[in-house]
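Q: Line by line, the protein sequences are chains P and C.
Under my numbering, read the first sequence as residues 1 to 432, first letter to last.
Under my numbering, read the second sequence as residues 1001 to 1432, first letter to last.
The set of hints was computed from the structure by calculation and includes no laboratory data.
Careful, some of the hints might be misleading.
To be verified - Calculated pairs, DSS-like style, for lysine-lysine (alpha carbon to alpha carbon, straight line, at most 27 Å):
#1 1374(C) x 109(P)
#2 374(P) x 1303(C)
#3 303(P) x 1374(C)
#4 1303(C) x 1354(C)
Said to hold, decoys possible - Stretch by stretch, here's where chain P covers chain C in the computed footprint (C-beta under 8 Å, at least three residues):
#5 1024-1033
#6 1171-1179
#7 1197-1207
#8 1220-1231
#9 1244-1257
#10 1292-1304
#11 1313-1323
All residues carry an ideal CB built from backbone N, CA and C; glycine is no exception.
There are 2 protein chains.
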Amino acid sequence: MNKLDFALVLSVGEELLDGRVRDLNASYLATELRQLGLSVQAMYTIGDQAGSLLQLLQRLDGQNCLIISSGGLGPTADDRVRAETAQAMGVNLVEIAGARAELQSLHQKFQGCEAPPHFLAQGTVPEGGQALCNPAGTAWGFLATLPGGAHLMCLPGPPVECQKVWTEGGMAAAEQLSGGRQDLAYALFHTTSLPESTIEDRIRDLLENSLNPRLGITAHGKQVTLSLLAHPEAGCSAQALLDRSASEIEQRLGHWIWGRDQQTLEGIVVQELAARGQQLATAESCTGGLLASAMTGVPGASKVFKFGWVSYANCAKSLQLGVSAELMDGPQAPGAVSAEVAVALAEGARAQAKADWAIGITGIAGPGGGSADKPVGTVWIGLAGPSGSHAVLRQQWTRAGRGGVQNGAVRDALEALRRELLALPRLPERRF
Amino acid sequence: MNKLDFALVLSVGEELLDGRVRDLNASYLATELRQLGLSVQAMYTIGDQAGSLLQLLQRLDGQNCLIISSGGLGPTADDRVRAETAQAMGVNLVEIAGARAELQSLHQKFQGCEAPPHFLAQGTVPEGGQALCNPAGTAWGFLATLPGGAHLMCLPGPPVECQKVWTEGGMAAAEQLSGGRQDLAYALFHTTSLPESTIEDRIRDLLENSLNPRLGITAHGKQVTLSLLAHPEAGCSAQALLDRSASEIEQRLGHWIWGRDQQTLEGIVVQELAARGQQLATAESCTGGLLASAMTGVPGASKVFKFGWVSYANCAKSLQLGVSAELMDGPQAPGAVSAEVAVALAEGARAQAKADWAIGITGIAGPGGGSADKPVGTVWIGLAGPSGSHAVLRQQWTRAGRGGVQNGAVRDALEALRRELLALPRLPERRF
């Protein structure tokens, strides 16, 4: 059993209330807390006005829970989380040992002058609180206990900092409060290039009847992710229960699952190429460098990726990659958005880079440029490899706009290559 | 004056509390409400457990506000929003005229059988409530008044449906409640390449004393944004009050402000290039195509962007852009990450693309590859233009990881070009 009854997630920031910024921390923290066996009972978002936090803390205190907040710890005048927590606790803010010197030296280094008091305030905590260091920024976090017994953990607002402070100190502190990590098992399965409803049809009975492990399904863009969460039950460990369901899911979805847990599709492609000692080159028109940047976003990508071309204009396709103008111009030509040009881009890139594989992408990202024949969303993906070339038409959903078409095309291209590398059936043509 | 004092945004759904799904509706609704002149005082997320909504409504009622919720209106057993609202109001659920027949025929069409009662419940509202039709789904929304006078508008959870019900009925109803669209003025000012604390130092007195317009400051990565929200006051229109503060801010921050409101830095660069009939080419090493994809993410970029190269390996820099191997290899060479190579990349790209401008980026994105001499985060940006070439060292903050270095380098490169186009002072070197 958990020593805490539940958790509450709190987000602090005026920019959240006026809709300028979407909250990325709340769902991250909720996921993390669930993995500690703590269920989140509610989430709250408040602004930066004086007194808002104090009032909320006074209302929430008195419960046996962990309140975990993000935001409001920075150096500016409207960052009031430290001060109002101290006020709720009836204590003063005290300096964290060593923090002042570190903040001074950072300020000297980056700003070339002495740090002002509000900058140094980032290294203080309410007296009696436990400091949580921030390897990704200058605002320390902290954990404190309110007078009525509720525990409050405050993390910084920028998502990278929030996650760092959590993983490098916050999580362990929360684990200790809650009496140790529960015996829970959790897994994610990622698919792409298959509609959510098709996936749901294959596992509907599991979705409807799953209590332990509990099965969930969510779609983000083209990626559909299944989640499994298992608790131990009747002498059976959570992991054993999870493994049983996991193999059922793997059986039903087979090669449509490209990865698990924290894996990314581009990470899988880099890993499979590296395992074979092979290289990929890219030639992009409508995705404009997004595929290359996905590849080079993976640490260590330099082993498998050396060359990319962004051939946005027809003249670039010809000059950079030798695509024949005859394929693109003239009334009888297949046109710049065609299987022929997708393959010519890929083959040009493969030859110049002396790579094992190359991907060429050409399409219509919109909002303009579509025609009855080739509507916005039309994308041809060309793949050139050791045993030849082919192209596949993958029409993209246009509801998510230009970015949606571009991102969808990149995911399809990566998935097409993964399938080629693993000798899986090719992606089918998709035309609406 | 608004007839309502404020708004509250409420999201209902277990999948939000366990972190599976990120809430897209809250920030959408907050933006919409702000445009009606209603400020959001807080946001709440609750789950699907029986009683959760009832309890929250009882606590929030009695205020002169609009509570706007999304989620919990569907056909499943855990969709309790209709029933618990009726309970809070002490009334029954009643059928919306025509809804039953419409739901029956939809169910027959898609499921081929008669609709069960929980499906038909989607066409009911608490007695006395105003139905809001849902052109994108089967769950009607509604607007009702709680016993203590607070107004509650309930919208469906799927973002497309939430937005449709809002735009096609909800918004007009909210406008009527609040006494018509308010005379409010709102503006955002975006800066980059200058630390948040430096910006704050220049406007600290305004931040501390701003009531109307209210001034806010937020940082996302390298972009620092100031917001101004003005209400009419003492015979002075909101716009006049805003304009006065806006010109004060523009005076203090000058050319560090690159844009306002919905503008993006890449959008500004595309617009400035297009206005001059000029073109940009890119040659990227450590950013791996991210600069090209930022440019081509802008609709209409094809007018100003035709060619990009991703020269991730040294051999690619030589083969694609003619960068001399002597610059990169050997103990006396400046090396691949140097001013010389950044300029050579830019000049190679400019010559091949016959473009007016070219940007070359070379650096160390990390996590590996750094040295004492050239630590991770070291980035050289080369700019070649009509009147010559230069390079600037812009060391990037490494705390946000590889992606942070890459994104920071792209923003610095775009800002460097914007400054060149507008004949502003160049970005200073930044070396930590």
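Q: Output the indices of the hints that this structure fails to meet, ascending.
A: 6, 9
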